[in-house]
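Novice: So you can see what is in the structure, the chains are spelled out below.
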Amino acid sequence: MEHSIYTNCKYKALDGQNTAVIATINGVVASVPLSVDNRDYAEIMRQVDAGTLTIAPADT
Amino acid sequence: MSSKARGLADLGNAFDDGALSNRNLIINGAMQVAQRGTSQTTTGYGSIDRMILSLSGATATMTQETLALGQTDLPSQFRKFARIATTTGNNNCGLLHRIEDVDTAEGEVTLSFYAKGTNPASGSFNVFLYQGFGSGGSAGVSTTAQSLTLTSSWQRFEFVFTLASLSGKTIGTGSNLEIDIVQPDADTGTSAWTLDITGVQLELGDGPATPFEHRSYSDQLQACKRYYQQKNDSGNALASGIWYSASQVLAYGKFDTTMRAAPTITVSSGDFAKCYTRGTSRDTLDSSPCDNIDVNETRYNLTVGVSGTQGDGTHVQLNSSEAIYFDAEL
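If you read the protein sequences in the order shown, they are chains Y and C. Taking the numbering used here, the leading residue of the first sequence gets 1, the next gets one more, and so forth. Taking the numbering used here, the leading residue of the second sequence gets 1, the next gets one more, and so forth.
Derived from the structure by calculation, the hints contain no laboratory data. Positions of the beta carbon are idealized from the N, C-alpha and C atoms, including for glycine. Among the hints, a few may not be true.
If you anchor each label on the Cβ, the simulated ranges turn out as follows [said to hold, decoys possible]: (1) C:T87 - Y:G16: 33 to 41 Å; (2) C:T190 - Y:A50: 42 to 50 Å; (3) C:T104 - Y:Q47: 23 to 31 Å; (4) Y:A50 - C:S269: 46 to 54 Å.
Okay, the calculated bits of chain C under chain Y, using three or more residues with CB under 8 Å as the criterion [unchecked claim]: (5) 50-64; (6) 163-170; (7) 294-303.
Partial list, computed: chain C residues near chain Y (C-beta under 10 Å) [claimed, not checked]: (8) T38; (9) S39; (10) P289.
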């Protein structure tokens, strides 16, 4: 099965603490949990580690 | 015959008749549950629960179909089947199903299903299992592929596979055992084909396959909700919480059941919900409303279009014709 396409990744935060990654996945905006058991978060972090994707910091 | 021997004989007969439960490792093998809808044209999950349409460059539609009442081609308990209608074929296009945790099975397993249809350009499908060891785990291993040739009549097919030993393997997150029924990797023909399939069952051991284990719709729906659930009925209660500021609501909402993993959450639109305040309600203005997500609940961290009163309590409710989706699939 083809991999999903992740764009526009950005942390969501409250009181200075990251609480989720907001990402566009195959064109749909999604709230992604900070959990390696979640397949989207695992793939996002794999791409971040590979240097092919970045996650923008949360708005302050 | 002693009463104990009689009891064992009765148990054996019950097994032969397929009466013993939890033999089938497949969820939704009878294609009963379709929370997302009854048709999809995109790759991945999109219609029948737990079933993946693999397009791999092909053009195809997967649908949930209903058997005619009184039909005799399949055992009478069957009501639904999956249809993959491919207009432009390609290699590796077909049906996939992922069973949670690769160590669910080891050694010999028996796959069975009912199917009919037409075949890819090479004249047959490939059927194989893939042991996916997950993120951070060992490299995946495929079994030897076996050939499946369909006719225009329903038939029950049965395949015995030998899975690779798990000794020495590392299991990462999201590991799974995948069933693949696909156009062969070496067949890049573009001919159209159709696969109709139901009664998919995977059992431990080297067969023969026992009769399909029928489960109630409610049992299967509950099992499917471990991987995917949604709320799409107008007025569905989502959460209770507070107005954190005049334009921001914080509220916690439980899922219908504990999910496999903390889910990815999407909504139908930014104004998917309303937050009540002092005798009126305010529509949300937020297409990424969730954070602090775990396997049981999520926080709704919502931006609201029109101000409420900081510190007030609130009830968050789904708006008419809107939906929220929770996806913890493999």
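Novice: If a hint holds in the structure, say so; if it does not, say that too.
Specialist: Structure-based check of each hint:
1. At about 52 Å, the CB distance of T87 (chain C) to G16 (chain Y) disagrees with the hint of 33 to 41 Å.
2. The supplied range of 42 to 50 Å is broken by T190 (chain C) and A50 (chain Y), whose beta-carbon atoms lie about 33 Å from each other.
3. A C-beta distance of roughly 28 Å is found between T104 (chain C) and Q47 (chain Y), which places it inside the suggested range of 23 to 31 Å.
4. Separated by about 33 Å at the C-beta atoms, A50 (chain Y) and S269 (chain C) break the suggested range of 46 to 54 Å.
5. Given as covered by chain Y, the region 50-64 of chain C passes the check, having 4 residues with a CB less than 8 Å from a CB of that chain where 3 are the minimum.
6. Three residues within the 8 Å Cβ limit are the bar, and the region 163-170 of chain C against chain Y gives 0, so the coverage statement is violated.
7. With 4 residues having a beta carbon nearer than 8 Å to a beta carbon of chain Y, the region 294-303 of chain C meets the requirement of three or more and the stated coverage holds.
8. This hint is violated: T38 (chain C) has a C-beta 20 Å from the nearest C-beta of chain Y, more than the 10 Å allowed.
9. Below 10 Å, beta-carbon pairs count as interface contacts, and S39 (chain C) has none with chain Y, the closest being about 18 Å; its hint is therefore violated.
10. A distance limit of 10 Å between C-beta atoms decides the matter here; for P289 (chain C) the minimum to chain Y is near 7 Å, and the interface restraint holds.
When each numbered hint is compared with the structure, violations occur for hints 1, 2, 4, 6, 8, 9.
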